[in-house]
Amino acid sequence: MPAGSQAAFAIEAERLTVSYRHARGVVELDLEVPTGEVFGFLGPNGAGKTTTIRTLLDLLRPSSGRVSVLGLDSHRDSLEVRARTGYLPGDLTLPERLTGREVLDWSASLRPRTPPRRRDELVERFEVELHRPVRQLSRGNRQKLGIVLAFQHDPELVVLDEPTSGLDPLMQDEFQRLLRDQVAAGRSVFLSSHSLDEVQHVADRVGIVREGRLVTVETVEALRERGLRRVTATVARGQGERAEAVLTPLEGVTELRRDGDVVAFAVGGSFAPVVEALAGVEVLDLLSRSADLDEVFLAMYRGDAEGEAGR
Amino acid sequence: MTLAVLSRALRDRARSLLWWSVGVAAYVVLIVSVFPTVRDTSGMQELLQQYPKSVLAMMGVADIDMTSGAGFMAAELFGFVLPLFVLVLTLGTGANAVGGAEDRGTLDLLLSHPVSRRTVLVQNAVVVALEALCLGGVVLVTLAVAGPIVELHLSTANLLGAVLGVVLLGVLLGWVALVVGAATGSRAAALGSASAFAALSYLGSTLPELVEGLRPVRWLSPFWYATSGSPLALGFTWWHALVLLGASAVVLVVGVVLFDRRDLAR
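First to last, the sequence lines map onto chains A and B. The opening residue of the first sequence carries number 1 in my numbering; numbering runs sequentially from there. The opening residue of the second sequence carries number 1001 in my numbering; numbering runs sequentially from there.
All clues stand as given, with none of them false.
If you anchor each label on the Cβ, the simulated ranges turn out as follows: (1) A:Ala272 x B:Ala1265: 45 to 53 Å; (2) A:Ser195 x B:Leu1220: 51 to 59 Å; (3) B:Leu1084 x A:Ser64: 45 to 53 Å; (4) B:Leu1018 x A:Pro112: 28 to 36 Å; (5) A:Pro112 x B:Ala1144: 38 to 46 Å; (6) B:Leu1010 x A:Arg113: 17 to 25 Å; (7) A:Gln136 x B:Arg1118: 31 to 39 Å; (8) B:Leu1084 x A:Arg15: 49 to 57 Å; (9) A:Ser109 x B:Val1254: 27 to 35 Å; (10) B:Trp1238 x A:Arg139: 53 to 61 Å; (11) A:Arg213 x B:Thr1106: 27 to 35 Å.
Not close to chain A: a few residues of chain B, all C-beta gaps over 12 Å, as computed: (12) Met1044; (13) Gln1050; (14) Val1141; (15) Pro1148; (16) Leu1245.
Think of the hints as simulated: they come from the structure by calculation, not from any bench. Just so we're clear, the structure is a prediction, and the values are computed from it rather than from any experiment. Glycine included, C-beta positions come from ideal geometry on N, C-alpha and C.
Extracted from the complex, chain A is given alone in its bound form (with noise of 0.2 Å):
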């Protein structure tokens, strides 16, 4: 069990507000961030995801509104909140000249109830290189060196800005598992990307922000629900009228193009409609993948836009 009372919410934003140099920062954002729970934060570069998390951590300051961490207050009881969690920021710089070990030594000293064994396992787990100094290191070894460094005091909470990046798709895979375990122990993630591949398979819920304001908290199945597919349908040769005309009528279909047998059109909502009507034409090649965050965000977007003009 994590030490201390344990609150709801691991993180609770009230009508949070902050500027920050002359960027926007964030505007009014209310957030709550159930504990146990590993939530994604997610919004496109510049948007204020990490104004937000440094907001957490005290290194920014609110304008207005305030921020609870695990219960407490963000600025006033910044030491224990601090203590209590773990942070890898979006660009992690560590001390050049340090060695692996030293710099997670340096790290431990600084978190007096930083259990040994933790660390060796998370070492052994990602495979940290530990004896070389930082600045022969590559970006996926530094990044791995950042994740120890934000688990092996076994926080309640840890506060990932970016994580992934850099990591071969093996780590990914072993960070995906290290962040399932956390929220098995009861301990709450709070982790931010611009790509929605990177939460999507570890998120329960997904808030998205756009130019500092939180647009709206989803499951991760309803946000893939919401979310456009490309498809690019390749068809038998002269077949590629009769697909175009068996697409067109269909009501989740947009953005439909013909290059002679070959289809491409965005699909929102269920797919089973297009299958449907593609089954009376014979398909040679069937490629789709999930449109990246900005296309969600307009296909959002629009969708607003129109729910508005029907009132």
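Could you slot chain B onto chain A? The hints should help.
Quick look at chain B alone, frame taken from chain A:
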């Protein structure tokens, strides 16, 4: 309270500090070994007196008897070179400690640990002070060993006072660099402003010797408190130490307040 910030900074600085100590000791040995030649050169003092007084004052050797041990060491070591050594070291360390860490991006990681900004600033201030003390100690030891060999004898109390003056000067200006760095997040701003302050402060201690109208200016000059009144020959004015210490304390307190209120750059 944890001393982790202090011990990490000391280990980071140890190697560089060792080389600084070697350099300063070598310089002191060199100067001391030249002393017998200067002492035994007839007409040296007469030669010096033919220079315009303003030139001597700018060189920091006005009213100094170069053929006495105290006069020689004041001119060759304590008036300018030792303060320069100490200041280059403490300004560099001070500017690098917080402003430099913020520039490099390592401050975020440090302050994501449960350590207060005040602790970070104060423990780095201690590092700056220890570095100045270390160089002061090296000078004392080297002079104590090498001086008697060439019959260069200095009053122990005066020597301690002269070293203390320079050490406190280094602490004050090093803390200015530290605090400007912490208040702005910029190593360049810290180093630039503290260097400019040091240079002005040097002028503020030497120019008033020439220009009567500038005399009140020297009250604002840390250099004047540290080196005025021939501390080696006539004794250190001990209340000057209190002025330097007091100013250092004020600078540090202001630094803690400013650092604590700031948004940190990424």
